[in-house]
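J.: The opening position of the sequence shown corresponds to residue 10 in my numbering, with each subsequent residue numbered one higher.
Calculated directly from the structure, the hints in this document are not laboratory data. Positions of the beta carbon are idealized from the N, C-alpha and C atoms, including for glycine. Treat the hints with care, since some could be wrong.
[Unchecked claim] Simulated crosslink set (DSBU-like; lysine-lysine; CA at most 35 Å straight-line): (1) K95 - K107; (2) K118 - K36; (3) K118 - K98; (4) K38 - K131; (5) K118 - K99; (6) K38 - K95; (7) K36 - K80; (8) K107 - K118; (9) K80 - K61; (10) K77 - K99; (11) K40 - K80; (12) K118 - K61; (13) K95 - K85; (14) K131 - K80; (15) K38 - K107; (16) K80 - K118; (17) K38 - K61; (18) K85 - K99; (19) K40 - K77; (20) K85 - K131; (21) K107 - K80; (22) K131 - K98; (23) K36 - K131; (24) K85 - K38; (25) K118 - K95; (26) K40 - K95; (27) K40 - K107; (28) K36 - K85; (29) K40 - K118; (30) K77 - K95.
[To be verified] Here are the simulated distance ranges between beta carbons: (31) V49 - K118: 21 to 29 Å; (32) P48 - K99: 41 to 49 Å; (33) E50 - D78: 31 to 39 Å.
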Amino acid sequence: MKVIVLLVTVLTITIYVSCQTDEEVHKIKEKCFDLSDIPVEDRVVYNPENPKLKCFNACTYTGVGMMKDGKIVPEKYIERLQDSLKNEKKSDVEAFMKHMEDCAAMANKLSDECEVAYSMIKCL
(Lines of atoms letter the chains of each structure in order from A and count residues from 1; the text may use other names and numbers.)
(Lines give C-alpha, C1' and ligand atoms only; values in the text may rest on other atoms or scores of the structure.)
Protein backbone atom coordinates (compact mmCIF):
# COMPACT_ATOMS: atom_id res chain seq x y z
CA MET A 1 0.00 0.00 0.00
CA LYS A 2 2.87 2.37 0.80
CA VAL A 3 4.26 1.72 -2.65
CA ILE A 4 0.95 2.68 -4.26
CA VAL A 5 0.84 5.90 -2.23
CA LEU A 6 4.39 6.69 -3.37
CA LEU A 7 3.55 5.95 -6.98
CA VAL A 8 0.39 8.06 -6.85
CA THR A 9 2.48 10.95 -5.54
CA VAL A 10 4.90 10.46 -8.42
CA LEU A 11 1.96 10.35 -10.84
CA THR A 12 0.49 13.57 -9.52
CA ILE A 13 3.78 15.40 -9.92
CA THR A 14 4.46 13.83 -13.30
CA ILE A 15 1.09 14.87 -14.70
CA TYR A 16 2.08 18.51 -14.49
CA VAL A 17 5.72 18.36 -15.49
CA SER A 18 6.41 15.52 -17.90
CA CYS A 19 7.22 16.39 -21.47
CA GLN A 20 6.09 19.97 -21.07
CA THR A 21 7.83 23.09 -19.93
CA ASP A 22 6.76 24.90 -16.79
CA GLU A 23 5.45 27.70 -18.98
CA GLU A 24 3.30 25.31 -21.04
CA VAL A 25 1.88 23.68 -17.93
CA HIS A 26 1.21 27.08 -16.37
CA LYS A 27 -0.69 28.16 -19.49
CA ILE A 28 -2.76 24.97 -19.44
CA LYS A 29 -3.58 25.38 -15.76
CA GLU A 30 -4.51 29.06 -16.14
CA LYS A 31 -6.70 28.29 -19.15
CA CYS A 32 -8.39 25.49 -17.22
CA PHE A 33 -8.92 27.67 -14.14
CA ASP A 34 -10.61 30.26 -16.36
CA LEU A 35 -12.73 27.71 -18.25
CA SER A 36 -13.76 26.07 -14.97
CA ASP A 37 -14.68 29.47 -13.52
CA ILE A 38 -12.66 28.91 -10.34
CA PRO A 39 -12.09 32.19 -8.47
CA VAL A 40 -8.47 33.04 -7.65
CA GLU A 41 -9.11 32.75 -3.90
CA ASP A 42 -10.40 29.17 -4.35
CA ARG A 43 -7.37 28.01 -6.31
CA VAL A 44 -5.24 27.38 -3.23
CA VAL A 45 -7.74 25.10 -1.46
CA TYR A 46 -7.81 21.61 -2.93
CA ASN A 47 -11.27 20.09 -2.62
CA PRO A 48 -11.50 17.28 -5.19
CA GLU A 49 -15.26 16.99 -4.70
CA ASN A 50 -15.84 20.58 -5.83
CA PRO A 51 -17.67 20.29 -9.19
CA LYS A 52 -15.61 23.12 -10.68
CA LEU A 53 -12.37 21.45 -9.60
CA LYS A 54 -13.52 18.18 -11.15
CA CYS A 55 -13.86 20.04 -14.45
CA PHE A 56 -10.52 21.79 -13.92
CA ASN A 57 -8.89 18.36 -13.54
CA ALA A 58 -10.59 17.12 -16.72
CA CYS A 59 -9.39 20.20 -18.57
CA THR A 60 -5.85 19.76 -17.26
CA TYR A 61 -5.79 16.05 -18.13
CA THR A 62 -6.98 16.93 -21.63
CA GLY A 63 -4.41 19.70 -21.95
CA VAL A 64 -1.53 17.37 -21.11
CA GLY A 65 -2.92 14.57 -23.29
CA MET A 66 -4.08 12.21 -20.57
CA MET A 67 -7.74 12.54 -21.59
CA LYS A 68 -9.20 12.59 -25.06
CA ASP A 69 -12.86 12.98 -25.96
CA GLY A 70 -13.74 12.92 -22.26
CA LYS A 71 -12.03 9.59 -21.56
CA ILE A 72 -8.80 8.66 -19.79
CA VAL A 73 -6.02 7.50 -22.12
CA PRO A 74 -4.11 4.87 -20.06
CA GLU A 75 -1.22 4.77 -22.52
CA LYS A 76 -0.54 8.47 -21.90
CA TYR A 77 -0.41 7.87 -18.14
CA ILE A 78 2.13 5.11 -18.72
CA GLU A 79 4.10 7.24 -21.18
CA ARG A 80 4.29 10.12 -18.69
CA LEU A 81 5.39 7.85 -15.87
CA GLN A 82 8.24 6.03 -17.59
CA ASP A 83 11.06 8.32 -16.46
CA SER A 84 9.66 8.85 -12.98
CA LEU A 85 9.33 5.14 -12.29
CA LYS A 86 12.58 3.89 -13.76
CA ASN A 87 14.17 3.46 -10.31
CA GLU A 88 11.21 1.61 -8.75
CA LYS A 89 11.02 -2.16 -8.39
CA LYS A 90 9.61 -3.75 -11.52
CA SER A 91 6.95 -5.66 -9.57
CA ASP A 92 5.78 -2.44 -7.86
CA VAL A 93 5.58 -0.61 -11.17
CA GLU A 94 3.66 -3.47 -12.77
CA ALA A 95 1.21 -3.56 -9.84
CA PHE A 96 0.67 0.18 -10.07
CA MET A 97 0.21 0.10 -13.84
CA LYS A 98 -2.41 -2.65 -13.48
CA HIS A 99 -4.20 -0.63 -10.80
CA MET A 100 -4.05 2.49 -12.96
CA GLU A 101 -5.48 0.63 -15.96
CA ASP A 102 -8.31 -0.75 -13.79
CA CYS A 103 -9.05 2.77 -12.52
CA ALA A 104 -9.11 4.13 -16.07
CA ALA A 105 -11.48 1.38 -17.21
CA MET A 106 -13.82 2.14 -14.31
CA ALA A 107 -13.64 5.92 -14.82
CA ASN A 108 -14.22 5.63 -18.56
CA LYS A 109 -17.61 4.01 -17.95
CA LEU A 110 -18.88 7.43 -16.88
CA SER A 111 -20.28 9.86 -19.43
CA ASP A 112 -19.39 13.22 -17.84
CA GLU A 113 -15.73 14.11 -18.43
CA CYS A 114 -15.52 15.98 -15.13
CA GLU A 115 -16.69 12.87 -13.29
CA VAL A 116 -14.30 10.72 -15.33
CA ALA A 117 -11.33 12.80 -14.15
CA TYR A 118 -12.59 12.84 -10.56
CA SER A 119 -13.20 9.08 -10.57
CA MET A 120 -9.66 8.48 -11.83
CA ILE A 121 -8.14 10.67 -9.13
CA LYS A 122 -10.31 9.12 -6.44
CA CYS A 123 -9.45 5.59 -7.54
CA LEU A 124 -5.71 6.21 -7.60
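J.: I'd like to know which numbered hints this structure contradicts. Please list them from smallest to largest.
T.: 31
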